[in-house]
Each structure stands twice: as structure tokens, then as C-alpha cells.
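Kindly produce the complete structure, drawing on both the sequences and the hints.
So the sequences go chain by chain: A and B.
If you're matching positions, the first sequence starts at 1 in my numbering and goes up one per residue.
If you're matching positions, the second sequence starts at 1 in my numbering and goes up one per residue.
Worth double-checking, as some hints may not be accurate.
Chain copies aren't distinguished; within one or between two, either way the pair holds.
Stated by the list, open to error - For lysine to any residue, the following SDA-like pairs were computed, each having C-alpha atoms within a straight-line distance of at most 20 angstroms:
#1 K244 - Q234
#2 K8 - E117
#3 K178 - G511
#4 K47 - M142
#5 K47 - N34
#6 K182 - N34
#7 K182 - G511
#8 K12 - A30
#9 K182 - W26
#10 K36 - Q180
#11 K380 - L418
#12 K178 - W26
#13 K36 - S405
#14 K47 - A30
#15 K182 - S27
#16 K244 - A67
#17 K178 - A24
#18 K178 - Y553
#19 K178 - S22
Since the hints were made in silico from the structure, they are not lab data.
Treat the numbers as computed from the prediction; the structure is a model and nothing was measured.
Here is what each chain is made of, one letter per residue.
Number of protein chains: 2
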Amino acid sequence: MTHPLFDKHRAKLQAALDAIGSRAYWSAYAETPNPKIYGETAASAGKAAYDAHLGQRFALQQPGVQAWAGGERSPYGVTLDVQYPVCDPQALIDAAQASMPAWQAVGAQGRTGICVEMLDRLNQHSFEIAHAVMMTTGQGWMMAFQAGAAHAQDRGLEAVAYAYREQSFVPAECVWEKPQGKNPALRMQKHFEIVGRGVAVVVGCSTFPTWNTYPGLFAALATGNAVIVKPHEQAILPAAISVKILRDVLSEAGLNPDLVSLCVPANQQTTQALVTHSAVKSVDFTGGSAFGNWLIEHCRQAQVYAELAGVNTVVVDSTDAYQAMLRNVAFSLSLYSGQMCTTSQLLLVPADGIATDEGHKSYQQVCADLGAAIDSALAKPEVALAVLGAIQSPATVARIALANSGALGTVVHASHALQNPDFPGATVHTPALLACDADAEALYMEERFGPITFIVKVADTAAAVALAERVVRTHGALTLGVYSTQSTVVDAMTRASWNAKVALSINLTGGVFVNQSSAFSDFHGTGGNPAANASYCDSAFVANRFRVVQRRYHI
Amino acid sequence: MTHPLFDKHRAKLQAALDAIGSRAYWSAYAETPNPKIYGETAASAGKAAYDAHLGQRFALQQPGVQAWAGGERSPYGVTLDVQYPVCDPQALIDAAQASMPAWQAVGAQGRTGICVEMLDRLNQHSFEIAHAVMMTTGQGWMMAFQAGAAHAQDRGLEAVAYAYREQSFVPAECVWEKPQGKNPALRMQKHFEIVGRGVAVVVGCSTFPTWNTYPGLFAALATGNAVIVKPHEQAILPAAISVKILRDVLSEAGLNPDLVSLCVPANQQTTQALVTHSAVKSVDFTGGSAFGNWLIEHCRQAQVYAELAGVNTVVVDSTDAYQAMLRNVAFSLSLYSGQMCTTSQLLLVPADGIATDEGHKSYQQVCADLGAAIDSALAKPEVALAVLGAIQSPATVARIALANSGALGTVVHASHALQNPDFPGATVHTPALLACDADAEALYMEERFGPITFIVKVADTAAAVALAERVVRTHGALTLGVYSTQSTVVDAMTRASWNAKVALSINLTGGVFVNQSSAFSDFHGTGGNPAANASYCDSAFVANRFRVVQRRYHI
Chain A
1 MTHPLFDKHR AKLQAALDAI GSRAYWSAYA ETPNPKIYGE TAASAGKAAY
51 DAHLGQRFAL QQPGVQAWAG GERSPYGVTL DVQYPVCDPQ ALIDAAQASM
101 PAWQAVGAQG RTGICVEMLD RLNQHSFEIA HAVMMTTGQG WMMAFQAGAA
151 HAQDRGLEAV AYAYREQSFV PAECVWEKPQ GKNPALRMQK HFEIVGRGVA
201 VVVGCSTFPT WNTYPGLFAA LATGNAVIVK PHEQAILPAA ISVKILRDVL
251 SEAGLNPDLV SLCVPANQQT TQALVTHSAV KSVDFTGGSA FGNWLIEHCR
301 QAQVYAELAG VNTVVVDSTD AYQAMLRNVA FSLSLYSGQM CTTSQLLLVP
351 ADGIATDEGH KSYQQVCADL GAAIDSALAK PEVALAVLGA IQSPATVARI
401 ALANSGALGT VVHASHALQN PDFPGATVHT PALLACDADA EALYMEERFG
451 PITFIVKVAD TAAAVALAER VVRTHGALTL GVYSTQSTVV DAMTRASWNA
501 KVALSINLTG GVFVNQSSAF SDFHGTGGNP AANASYCDSA FVANRFRVVQ
551 RRYHI
Chain B
1 MTHPLFDKHR AKLQAALDAI GSRAYWSAYA ETPNPKIYGE TAASAGKAAY
51 DAHLGQRFAL QQPGVQAWAG GERSPYGVTL DVQYPVCDPQ ALIDAAQASM
101 PAWQAVGAQG RTGICVEMLD RLNQHSFEIA HAVMMTTGQG WMMAFQAGAA
151 HAQDRGLEAV AYAYREQSFV PAECVWEKPQ GKNPALRMQK HFEIVGRGVA
201 VVVGCSTFPT WNTYPGLFAA LATGNAVIVK PHEQAILPAA ISVKILRDVL
251 SEAGLNPDLV SLCVPANQQT TQALVTHSAV KSVDFTGGSA FGNWLIEHCR
301 QAQVYAELAG VNTVVVDSTD AYQAMLRNVA FSLSLYSGQM CTTSQLLLVP
351 ADGIATDEGH KSYQQVCADL GAAIDSALAK PEVALAVLGA IQSPATVARI
401 ALANSGALGT VVHASHALQN PDFPGATVHT PALLACDADA EALYMEERFG
451 PITFIVKVAD TAAAVALAER VVRTHGALTL GVYSTQSTVV DAMTRASWNA
501 KVALSINLTG GVFVNQSSAF SDFHGTGGNP AANASYCDSA FVANRFRVVQ
551 RRYHI
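In C-alpha cells, the structure reads:
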């Protein structure tokens with residue numbers, strides 16, 4: 001007897017399983033906010049649903065409510081004024097633990113079906129969630145809809161598919177019959193029970209509060225664990241809406257909704273006590289290296305899946321499509337003002353310049369041309385505002401000012417502020433390009449999060465390849481790029497990418513950008529360099545979130 | 001073009017894959033030293049090969065030889081006097097790293113084929129290895145042949161099968177084609193390269209130098225890593241023979257034999273420097289909790305797969321086969337003098353006694369009957385010596401003396417020494433049974449490795465179930481047992497086994513013993529309680545030993 005929600009979503013699951021098998025293109029959830037797909041009223045209804053949260057208490061019916069808190073600061077300068085329940089973490093943990101035996105009893109198929117139902121339901125709330133993502137993170141609308149809704153849902157489904165595949169390998173039972181020569185065989189009945197490790201905590205980030213939260217959330221949930229979502233204090237609303245939807249689905253399925261809860265902690269000490277609680281057996285984290293490494297150091301009772309800071313790098317050796325290369329790089333640096341963990345921070349360019357289809361270009365010319373390409377990409381104000389979004393954090397604004405001051409290198413293209421007529425209070429800044437020599441490592445050899453890119457002058461391409469590998473091995477990276485017409489250079493970069501364990505994008509000149517990764521096809525992070533100890537999504541991301549407990553007896 | 005050794009071993013691999021899919025009975029390597037299987041001359045040739053090592057330098061052609069060392073102390077009192085090369089660990093690491101790119105290039109299929117070839121070759125050396133295991137560990141001959149040779153090879157193959165399955169899910173390449181409405185689709189070629197995490201170190205133990213070493217060794221090797229085997233100082237020879245065989249296979253396959261090497265460290269500081277070396281990315285360990293937890297604490301650069309101490313427990317509630325129960329428990333306590341990480345240390349018996357098919361038995365009667373059952377099992381001297389083997393460690397001898405003194409509880413059945421006519425210097429001791437009350441936790445609530453079992457008097461069965469769960473959650477266990485005719489008790493123990501994440505054996509009265517786990521069927525350890533953070537063998541044991549590095553470009 002299969003679970004009705006497993007039956008309902010069997011075709012979608014199978015398509016997802018096929019996709020993770022081939023890693024070819026597939027998507028479950030439409031990335032365009034098309035009324036023909038989402039319904040004619042979806043956009044207005046979603047906006048209204050988002051608006052209805054503003055100025056209100058966000059009710060979740062969670063146990064242990066001690067207070068209400070909120071006060072997210074929108075990069076668009078608008079006021080959200082949503083209040084969230086501050087719950088006693090011990091009450092959340094107690095409720096989570098109490099809910100787990102029934103979740104275990106549902107079995108892998110039932111959990112899978114319920115998780116896909118949750119994702120479908122999240123998809124139905126895509127407009128509402130996209131507005132919440134846009135307003136809390138500063139993403140432009142289209143990115144908020146894509147990355148915040150559809151792509152995040154795809155990443156969640158990807159984790160569910162991996163979790164299902166691994167769990168499906170565990171037989172529920174078997175008869176073990178060992179021959180004993182002329183004597184009767186030894187016969188035993190064995191049962192194999194999948195048991196979640198324990199309560200999971202998923203710590204969200206300020207820039208991608210759903211995209212970086214759903215993989216860990218659904219990986220933990222699908223493998224039999226309760227999940228407590230601890231959002232970033234500036235991006236609570238997307239998490240709260242998501243948690244509410246998941247709790248609704250659980251209730252409708254006859255399960256305890258406290259299997260998934262939202263933890264808005266009273267203070268940082270509460271967060272630290274939560275993640276180091278003996279009942280917490282996994283922590284998923286996206287964010288800065290300081291807290292990430294604190295988690296790895298202190299959460300010894302838990303598996304920690306961490307995506308941390310990195311220094312993404314592109315080696316520019318030569319190109320047969322100079323303008324297309326410039327356009328591609330310029331767009332990738334501009335997108336969400338470089339506030340993606342995958343945005344390139346370093347462009348390594350040989351001191352003697354590069355060969356192109358437009359002839360030789362000096363180092364200085366490349367710098368100038370990239371600056372012009374950024375200006376060109378952002379020439380239309382409405383396009384610029386849509387692409388750039390707004391700056392999420394005052395710390396990033398401060399870093400931009402530091403970059404503009406020349407303290408981090410020669411300013412070859414200054415960042416400047418833009419006004420957004422729709423959101424007069426929005427904090428909008430264009431990318432800054434800085435030039436420096438390769439030996440000025442103190443300037444560029446650490447993450448400078450935001451729209452700040454260093455065009456590093458290296459001795460030659462060989463030095464660039466070596467430096468790129470060293471940067472990634474030492475400081476980590478989620479992305480590595482190369483532009484070259486020489487197969488020897490591409491081969492050398494390929495070897496460097498293996499040595500440093502980082503995904504490599506080669507000669508991107510079209511509609512794919514180094515900072516974009518596509519669910520079901522691109523692995524996001526390898527888990528093999530300091531930028532991340534796990535990958536979205538592979539077997540290792542799910543296989544250690546559950547354990548198999550067997551029992552056996554003679555028959 | 002597949003690798004010839006993959007083709008050669010395809011059928012065996014498929015059978016292993018089927019076995020891990022069903023977890024039903026299967027074995028690749030015959031556990032009986034039968035001349036019809038192993039050849040008429042295998043026994044004598046294997047003994048001669050073992051003898052030929054004695055008093056000699058064990059040549060391995062490894063780099064960086066600084067000295068020769070050895071001096072294993074045989075529990076059988078014989079002199080081995082084998083000398084092993086002491087190599088500079090940095091030289092071993094350098095050679096290991098140098099050998100990895102070619103190993104990566106062989107690909108998952110090629111690595112799998114070569115690993116199975118290695119296991120077949122180990123199997124051909126089963127008699128030689130069994131003698132080495134017997135003489136270094138004190139195991140009896142039959143156990144040495146089974147656990148030291150055939151079963152260890154099966155566990156190695158099991159790891160290879162899991163590693164192959166996970167790697168086979170990673171497509172080598174794909175075409176990614178994303179529709180763009182009326183515009184041409186975005187098309188990219190993507191490649192996915194499996195890259196080992198880095199140099200693996202496998203730290204062996206003194207009692208099962210092959211059985212507990214092969215899973216990590218082959219899991220790491222099959223997933224693309226070089227492996228340095230660091231054997232226990234008292235059980236080097238089985239590891240040295242194994243490493244030599246693997247190096248021979250590598251050389252024959254045209255690969256650098258330094259992919260697998262033996263590290264006999266000059267001192268403990270050398271070991272610590274080795275396992276914390278930045279190039280070492282995984283450490284497999286079996287042994288005491290002190291060093292195991294030191295590894296987990298200090299090897300932050302590596303994945304640590306650790307099997308540590310535990311307190312294995314059996315709850316005795318009732319039985320409909322009293323004599324068979326006593327025989328089964330007595331044999332399991334006697335086997336290899338209780339020097340198995342799976343041997344029960346605690347028998348929890350209600351103060352009011354138990355119901356049996358022979359009527360009610362008081363707590364005292366159970367104690368006495370179990371002592372008598374041990375005496376009966378060991379009544380024939382030749383059987384006793386074969387079952388008990390010899391005591392591996394002077395520390396265990398000291399613990400036996402402590403148990404006999406009454407300091408650990410009331411002695412209900414004292415251990416006594418036996419003489420072995422074949423090995424006059426052998427250290428042989430029968431099991432000790434101690435009685436204590438449940439509240440005397442200081443006596444029994446820690447691992448007392450060796451033939452020392454506590455029959456703990458508990459208030460009632462419910463208290464026994466609760467205590468068993470608490471013991472395992474707190475101190476860890478690889479095995480849990482229950483004897484009961486009541487389904488409510490078995491159900492309660494089943495829930496306890498889920499809560500504590502430990503394998504449960506129910507009413508074992510025949511030819512299967514709680515301390516035995518069968519490769520391809522029984523998971524050895526769950527990885528979910530303090531006795532082990534990993535399991536032989538599941539996906540989690542292999543999936544994080546390699547990473548996937550992708551590259552992509554427009555087509």
C-alpha cells in the first residue's frame with residue numbers, strides 16, 4: 001500500500017530521478033511568472049498575499065511562544081513591519097522530537113510524496129514568496145521569482161530525489177538463508193528500518209533565503225528528520241511563509257506540523273545553544289566563514305553542511321569573441337550587484353594582454369573595455385535597476401565605498417549609486433572594478449562580498465592558472481572560469497579545477513553565466529574546497545542524514 | 001572501451017550489487033579452508049609463505065626508507081621477528097599524491113575492476129594471511145581464516161560495490177539543452193569528473209587487522225584515493241602482506257604501486273603528524289575511544305570514519321528455549337575470548353528472574369546456568385582452545401585478573417587460564433561472569449574489553465529495556481540482543497534499538513550469534529551511536545570519499 005501523495009507525485013519524482021541520473025536539462029517548476037502557467041490571477045493574488053503580511057503578526061501556532069520580534073530592513077527602503085513568534089528553542093526541539101516517530105513510520109515513499117506535495121504547494125505561492133524574497137534580499141523581481149521561487153523549488157526537489165534514491169536502496173526486509181553443507185541452511189528474517197539522525201537545523205542566509213535553505217531543509221526532512229529553520233534576521237518572511245506552507249501540508253496529511261518549525265531566536269546566544277543542542281544532529285548553513293567555521297568547530301554532536309565564503313576566479317587568456325565575452329562577464333558581475341556566492345571576484349589577466357578576434361588587447365584595454373561593457377549593460381535605467389536589484393547589507397555598502405576610495409587597488413571603474421523611482425529608499429550601486437598586481441595578495445585574496453571585482457595583472461597565463469588553483473585551494477570558490485582559444489590552456493585549467501575541486505565554466509559568451517547553476521544539472525559547490533563542505537546536490541548530501549537500524553531473528 | 005579487469009570481474013561485481021540491493025545472503029569468498037575450493041596445496045603453500053616471512057625483512061620497495069622495525073608480540077607466545085620498513089611519512093604522502101592522477105584517469109570502472117582483482121588475489125593468499133592474523137591477534141585458526149581472510153575480503157568487496165554504485169550514478173558527460181521559447185535553445189556540453197578527496201589513511205586495530213581495515217581501504221581506493229595503511233604495532237604482518245599484494249596488482253596494471261603503502265611509524269608523534277597532514281583527506285580508524293576521539297578532534301582536515309568502544313547489551317526477559325539460549329550466549333561470550341567489538345558485555349536480567357520453557361528461573365539460577373553453559377561449551381580442551389584463541393593484550397589479561405578479584409562485581413564464574421599444548425607460550429583465559437546490581441553503574445557502564453561479562457540485576461523488564469537504550473545512547477554499542485517470548489517486549493526493544501540506533505538480534509538460539517555480522521547483509525555498526533560514526537557498509541561510507549568536478553561550455 002503506497003502513500004496517496006507518493007502515487008500522486010510518482011511521475012514528477014521519476015522525472016526528477018531521471019534528471020539526476022543524466023544531469024541533463026530538466027525543471028519541475030516554471031521560471032517565468034507566466035499567467036498561462038501560474039494562472040491569470042496568480043500575480044495579483046500573490047502580491048496581495050504578500051501585502052497582507054505587512055504590519056501583522058505572522059501566526060504559526062508553534063509551541064513555546066515567548067515574544068514577538070521582527071523588524072527586517074528592506075534594501076528597497078520599504079517597511080515590512082512583520083512580527084514573528086519568538087519560541088523557546090527547547091519547546092521547538094521537544095515538539096520536533098515528539099513528531100519524528102510518526103514521520104519515521106510514514107516511510108520513505110510517504111515522506112517523499114509529502115515533500116513533493118510541499119514543493120508543489122510552495123510553487124503555488126511563488127508570487128507571494130518572490131515578493132518576500134525581493135523585498136528582504138534586494139534581488140530584482142525576475143531574479144526573486146526565479147531564484148527565490150522556481151529554482152529554489154527545483155533545488156528542493158533535487159534533494160528529495162537524491163534522498164529518495166538512497167533510501168530506496170535499503171530493502172525493508174529480507175530472508176537471509178546461508179547454506180550449511182549437508183545440514184539445514186541457517187535462515188533468518190531481517191528488517192531494515194530507516195531512522196533519521198535527529199532534529200535538523202537549517203540556518204538561512206540574507207541573500208538567498210529560500211534557494212540556499214530548501215536543499216538542506218528537504219534533504220533532512222525527506223530522510224526522516226524534523227527541521228527547525230533559523231532564518232537570517234533580515235530575511236525571515238520568505239522562510240516564515242515557506243514554513244507555514246509546510247506545516248499546513250503536514251497537518252492536512254494527518255501529521256504533527258511541529259515537524260517543521262521556524263526559530264526566530266531572541267539573540268545570538270539562543271542560536272548557539274540551539275545548534276549545539278545534543279538533540280540536534282545536523283546543521284545546514286549558508287553564510288560567512290566566521291560563523292560557518294564556528295559551527296564546524298562547535299557543533300560536534302551534528303553533521304554540518306556548510307557553504308561559506310570564497311574567492312571566485314576567472315582566468316582570461318584569449319578569446320575569439322571579445323565583445324560577447326565582455327558582455328557575458330559584465331552581466332554576471334552586475335547581476336544582483338555581485339551579491340551571489342558564485343559571482344567572480346577575480347579576473348586574472350596577463351600583463352602582456354590577451355589575443356582576441358579584435359586583435360591584441362592590452363591589460364589596460366581589457367580593464368577599460370570591461371568597464372564600458374558594464375556601462376553598456378546598465379545603460380537603460382529600468383534594465384539596470386532590474387539587474388542590479390539593491391544592496392542587501394550596510395557592510396556591503398561600506399565595502400563599495402572602500403573600493404571606490406582606491407584603498408583596495410586602482411579604481412578602473414567606480415561604483416556609483418542609482419535612484420530607483422519605484423523605491424526611493426532603495427540602496428542601488430553599480431559594480432566597481434579595481435586593478436592590482438598579482439603580488440598585492442592582501443588586497444584581493446579574501447572574499448570582498450558585493451559588486452567589487454579585481455582585475456589582477458599576472459605575469460602570464462601559466463601564472464594565472466597556478467594562481468587560480470592556489471586561490472581556490474586556499475580560500476575556496478564555488479565557481480572558476482576561463483576564456484581561452486588554446487586547448488592547452490583549457491586543459492591546464494581543467495586540471496587546476498580537479499586539483500582545487502571547483503566547477504569550471506569555459507568560454508561563456510552566451511546566455512549562461514558563470515554565477516548561475518542549474519538544478520538537476522550543475523552541482524552547486526563540490527564540497528572539496530574551503531568554500532563549501534557539501535554540494536547541491538549529490539548522494540553525500542543525503543546519505544548520512546539517516547541511519548539504517550536492522551533487526552533479525554531465526555525463522 | 002572498458003577496462004579489462006572490469007570486464008573480467010563483471011559477474012562478481014553484479015552479484016555483489018545484487019547482494020547489497022537485497023541484503024540477502026551472499027558471499028564471494030569461501031569461508032571454509034576447503035582444499036576442493038582453495039586447492040590441494042593451498043594450505044601447505046600458505047603456511048610455507050607465512051613461515052618464510054619469519055625472521056626476515058619484509059620488502060615493499062616503498063620510498064623514504066629510514067629504518068627497519070617490528071617486534072610483534074604473538075599472543076601464542078611464538079616469535080615472529082619480522083622487520084618492516086619505517087618510511088618517512090612525507091615520502092609516502094608525496095608518492096601517494098603523485099600516484100593519484102593516473103588512478104583518477106583509470107575511471108570508476110577501471111578502479112573497480114582493479115580492486116576486485118586485488119580482492120581475488122588476497123583470497124588466493126588466504127592461508128598465508130590467516131596464519132598471520134592468527135599469530136598476531138590470538139584468534140583461533142578457524143576464526144582467523146574466516147574473519148581474517150574470507151569475511152574480510154567480502155567486506156572489502158562490499159565497500160567496492162557501494163563505491164561503484166555511487167560512482168556509476170555520476171554521468172561522464174551530458175548535453176544540457178534549455179528551451180528558450182521562440183529563441184534557439186541554450187545548449188551546453190558538460191563533463192563530470194570523479195576526483196578522490198585526497199590521500200586516505202587507514203588505521204588498523206590489533207584484533208581484526210584485515211576485517212576492520214579492508215572496508216575503509218577499499219572504499220577509499222575505489223573512489224579514487226591513494227591509501228596509506230597504518231597497522232597496529234602488534235598486528236603489522238597481515239597488513240604488510242595485504243599491502244604487498246595490492247602493490248603487486250597495481251604494478252601489473254601499469255600503475256604506480258605507491259598508491260597503496262604501509263606506514264610503520266617511528267613513534268606515536270609520527271602517527272599524529274601523518275593523520276593530521278594537510279594532504280590527508282580521510283582517516284579510517286578502529287580501536288579505542290581515546291585515540292578515536294583524538295582523531296575526530298584533531299583531524300579537522302579529513303573525514304574521519306571511526307569505530308570505537310561500546311557496551312554491547314542483551315536483555316533477557318523470557319525464553320521458550322532456555323538451553324539453546326544459554327548455549328548461544330555462552331558460545332558468543334567464549335568466541336575469541338570476548339575480544340570482539342561486537343561481544344555482549346552486559347546481560348540485563350530481572351531481579352525476579354525469567355520465565356522459560358523449563359519453568360521460572362531466578363536471577364541467581366540464570367547466572368549459575370550460564371556459567372555452566374560456558375563450562376560445557378569449553379569442556380573439550382581442543383574445542384576450548386579453538387574457540388577461545390589467545391588473549392591479544394596484556395591490558396586484557398590485567399582486566400581479567402581485576403574481574404577475578406571481585407573488584408568489578410560478584411564473581412559468579414571465574415576466568416581461568418588454560419594451557420595450549422601446541423603453543424606452550426599462549427595466553428589463554430576463559431570468560432569471567434560477574435553479577436552486579438543495576439545501580440552499580442560505575443562497574444559496568446564502560447567498555448571492559450575482553451572475556452568479562454556483567455549479569456546486571458535490573459528491577460524488571462521495562463527497566464532493562466530503558467537501561468539498554470540508555471547504555472547504547474550514552475556509551476555506544478555495535479550489538480543489542482533480546483530474549484523474550486512476549487511481542488510487547490520485542491516491540492519495546494525494537495523501538496529502543498531505533499532510538500539508540502543499534503542493530504538488534506532477537507532470540508538467537510541457533511547457529512547465528514549476536515557478535516557475528518555477515519557481509520552484504522548485516523550492517524556492522526549503524527553510525528548513529530557513540531560506538532561508531534560509520535557503518536560497514538552503506539552509501540554514506542563511500543559517497544563523501546570522492547567529489548564531482550564539472551566543466552561546461554557552449555555547443
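Exercise for review: Classify it for me, K380 with L418: is the Cα-Cα distance of at most 20 angstroms met within a copy, between copies, both or neither?
Suggested key: For K380 and L418, the Cα distance is within 20 angstroms only inside one copy (12 angstroms; across copies 93 angstroms).
Review point. How would you classify K178 and Y553 at a CA-CA limit of 20 angstroms: within, between, both, or neither?
Key: within (14 angstroms within a copy, 53 angstroms between copies)
Exercise for review: Check K182 against S27 for me: Cα-Cα at most 20 angstroms, and say if that holds within a copy, between copies, both or neither.
Suggested key: Answer is between: at 18 angstroms across copies they meet the 20 angstroms cutoff, but 57 angstroms inside does not.
Review point. 20 angstroms Cα cut-off: does K182 pair with G511 within a copy, between copies, both or neither?
Key: Between copies only: 14 angstroms across chains, 70 angstroms inside a chain, cut-off 20 angstroms.
Review point. With identical chains treated as interchangeable, where does the CA-CA distance between K47 and M142 reach 20 angstroms or less: within a copy, between copies, both, or neither?
Key: within (14 angstroms within a copy, 74 angstroms between copies)
Point to revise | Same-copy or cross-copy closeness of K36 to S405 [CA-CA at most 20 angstroms] | key: Neither: 49 angstroms inside a copy, 84 angstroms across copies.
Review point. Under a CA distance limit of 20 angstroms, which applies to K178 and G511: within one copy, between copies, both, or neither?
Key: Between copies, since 10 angstroms is at most 20 angstroms while 59 angstroms is not.
Exercise for review: First find the shortest C-alpha distance between K244 and Q234 inside one copy, then the shortest across copies, and answer within, between, both or neither for a cut-off of 20 angstroms.
Suggested key: within (18 angstroms within a copy, 59 angstroms between copies)
Exercise for review: With 20 angstroms as the alpha-carbon cut-off, assign the pair K178 and S22 to within, between, both or neither.
Suggested key: Close across copies (14 angstroms), not inside one copy (38 angstroms); limit 20 angstroms.
Practice item. Go through the copies and call it for K36 and Q180: within, between, both or neither, with a Cα cutoff of 20 angstroms. Key: between (67 angstroms within a copy, 16 angstroms between copies)
Check your understanding: Is it within, between, both or neither when you check K12 against A30 at 20 angstroms Cα-Cα?
Key -> Result: close within a single copy only, 14 angstroms intra versus 45 angstroms inter.
Check your understanding: For the identical chains here, do K182 and W26 meet the 20 angstroms Cα criterion within one copy, between copies, both, or neither?
Key -> Between copies, since 18 angstroms is at most 20 angstroms while 56 angstroms is not.
The structure fails hint 13 only (numbered hints given earlier).
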